[in-house]
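Assemble the complex: chain A is given as a structure, and chain B must be docked to it using the hints.
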Amino acid sequence: KQEVTQIPAALSVPEGENLVLNCSFTDSAIYNLQWFRQDPGKGLTSLLLIQSSQREQTSGRLNASLDKSSGRSTLYIAASQPGDSATYLCAVVFSGTYKYIFGTGTRLKVLA
Amino acid sequence: DAGITQSPRHKVTETGTPVTLRCHQTENHRYMYWYRQDPGHGLRLIHYSYGVKDTDKGEVSDGYSVSRSKTEDFLLTLESATSSQTSVYFCAISEGPDRYEQFFGPGTRLTVL
Chain A
1 KQEVTQIPAA
11 LSVPEGENLV
21 LNCSFTDSAI
31 YNLQWFRQDP
41 GKGLTSLLLI
51 QSSQREQTSG
61 RLNASLDKSS
71 GRSTLYIAAS
81 QPGDSATYLC
91 AVVFSGTYKY
101 IFGTGTRLKV
111 LA
Chain B
1001 DAGITQSPRH
1011 KVTETGTPVT
1021 LRCHQTENHR
1031 YMYWYRQDPG
1041 HGLRLIHYSY
1051 GVKDTDKGEV
1061 SDGYSVSRSK
1071 TEDFLLTLES
1081 ATSSQTSVYF
1091 CAISEGPDRY
1101 EQFFGPGTRL
1111 TVL
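Residue numbers (my numbering), protein chains in the order written: chain A, 1 to 112; chain B, 1001 to 1113.
Hints are computed from structural coordinates only; laboratory data are not their basis.
Errors might be hidden in some of the hints.
[As the list claims (entries may be wrong)] Derived coverage of chain A by chain B (criterion: at least 3 residues anywhere in the stretch with Cβ under 8 Å from a Cβ of chain B; other residues may be distant):
{"id": "1", "segment": "31-41"}
{"id": "2", "segment": "87-94"}
[Stated by the list, open to error] Calculated cross-link-like contacts (lysine-lysine; reagent style DSBU-like; alpha-carbon spacing at most 30 Å):
{"id": "3", "chain 1": "A", "residue 1": "K42", "chain 2": "A", "residue 2": "K109"}
{"id": "4", "chain 1": "B", "residue 1": "K1057", "chain 2": "A", "residue 2": "K42"}
{"id": "5", "chain 1": "B", "residue 1": "K1011", "chain 2": "A", "residue 2": "K68"}
{"id": "6", "chain 1": "B", "residue 1": "K1053", "chain 2": "A", "residue 2": "K1"}
{"id": "7", "chain 1": "A", "residue 1": "K42", "chain 2": "B", "residue 2": "K1011"}
{"id": "8", "chain 1": "B", "residue 1": "K1053", "chain 2": "B", "residue 2": "K1011"}
{"id": "9", "chain 1": "B", "residue 1": "K1070", "chain 2": "B", "residue 2": "K1057"}
{"id": "10", "chain 1": "B", "residue 1": "K1053", "chain 2": "B", "residue 2": "K1070"}
{"id": "11", "chain 1": "B", "residue 1": "K1011", "chain 2": "B", "residue 2": "K1070"}
{"id": "12", "chain 1": "A", "residue 1": "K99", "chain 2": "B", "residue 2": "K1057"}
{"id": "13", "chain 1": "A", "residue 1": "K68", "chain 2": "A", "residue 2": "K1"}
{"id": "14", "chain 1": "A", "residue 1": "K68", "chain 2": "A", "residue 2": "K109"}
{"id": "15", "chain 1": "A", "residue 1": "K42", "chain 2": "B", "residue 2": "K1070"}
{"id": "16", "chain 1": "A", "residue 1": "K99", "chain 2": "B", "residue 2": "K1070"}
{"id": "17", "chain 1": "A", "residue 1": "K1", "chain 2": "B", "residue 2": "K1057"}
{"id": "18", "chain 1": "A", "residue 1": "K1", "chain 2": "A", "residue 2": "K99"}
{"id": "19", "chain 1": "B", "residue 1": "K1057", "chain 2": "A", "residue 2": "K68"}
{"id": "20", "chain 1": "A", "residue 1": "K42", "chain 2": "A", "residue 2": "K99"}
{"id": "21", "chain 1": "B", "residue 1": "K1011", "chain 2": "A", "residue 2": "K99"}
Glycine residues also receive a C-beta, built at the ideal position from the N, C-alpha and C atoms.
In isolation and in its complexed conformation, chain A is listed as follows (with noise of 0.2 Å):
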């Protein structure tokens, strides 16, 4: 079964720390992976968007990683302030579906 992991769960960081977000799949043919952010009772707003032949995206203090041989991505907040408190959120669409699966997140709290 095609399933998108995101661990852990939940993340509390202090204010200016850098910290990385994991998510991972369980098939490595992949046509590409989203990252998301989902305020509390809002709709998801697009971050970066990885297509499978490329390793990495980069939006202001945001970078994402793909490796796709160990079914892996990262998403990197450089620098983290209070305003990036938010659900982040992994979706993948898998090659030969036109389907989005998503992880069911890390909920992040920058601490001021």
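Coordinates of chain B only, in the frame set by chain A:
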């Protein structure tokens, strides 16, 4: 922000009544999706559409039907609502999941009493 709206944004209904949720997009994207989000389960795909009148089931499609008669509109119907369908429902769009991003609507909070 991608032009996606959902209506209604909140709804309370009773068990056994039919409910229709609407997703409207202004982006002319080919693919549209309906998800439900529940604590402990994350986002689960209900149905999706890959063109006008072209739809397919997701992992939790029982009790739900969909229709897409126009590119811009994707309707989700609960034929006879049950309490287990109390959830937050999200619509999403994509030009093509093999290479493009997915964008989400604001969600509809549905309560079935």
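These are the hints, each one checked on the structure:
1. 31-41: Answer holds; 4 residues pass the 8 Å Cβ test.
2. 87-94: holds (count 3)
3. A:K42 <-> A:K109: The given pair, whose Cα atoms are some 16 Å apart, holds under the 30 Å limit.
4. B:K1057 <-> A:K42: 25 Å, holds
5. B:K1011 <-> A:K68: Violated, because 42 Å separates the two Cα atoms, which is more than 30 Å.
6. B:K1053 <-> A:K1: 28 Å, holds
7. A:K42 <-> B:K1011: 16 Å, holds
8. B:K1053 <-> B:K1011: 26 Å, holds
9. B:K1070 <-> B:K1057: 19 Å, holds
10. B:K1053 <-> B:K1070: 8 Å, holds
11. B:K1011 <-> B:K1070: Holds: B:K1011 and B:K1070 sit about 24 Å apart, inside 30 Å.
12. A:K99 <-> B:K1057: 10 Å, holds
13. A:K68 <-> A:K1: OK: A:K68 and A:K1 at ~17 Å, within 30 Å.
14. A:K68 <-> A:K109: Holds - the C-alpha atoms of A:K109 and A:K68 are around 28 Å apart, at most 30 Å.
15. A:K42 <-> B:K1070: Measuring from Cα to Cα gives roughly 27 Å; hence the hint holds.
16. A:K99 <-> B:K1070: Holds, at roughly 21 Å.
17. A:K1 <-> B:K1057: 17 Å, holds
18. A:K1 <-> A:K99: 14 Å, holds
19. B:K1057 <-> A:K68: Holds, because 27 Å separates the two Cα atoms, which is no more than 30 Å.
20. A:K42 <-> A:K99: 22 Å, holds
21. B:K1011 <-> A:K99: 27 Å, holds
Checked against the numbered hints above, the structure breaks only hint 5 and satisfies the rest.
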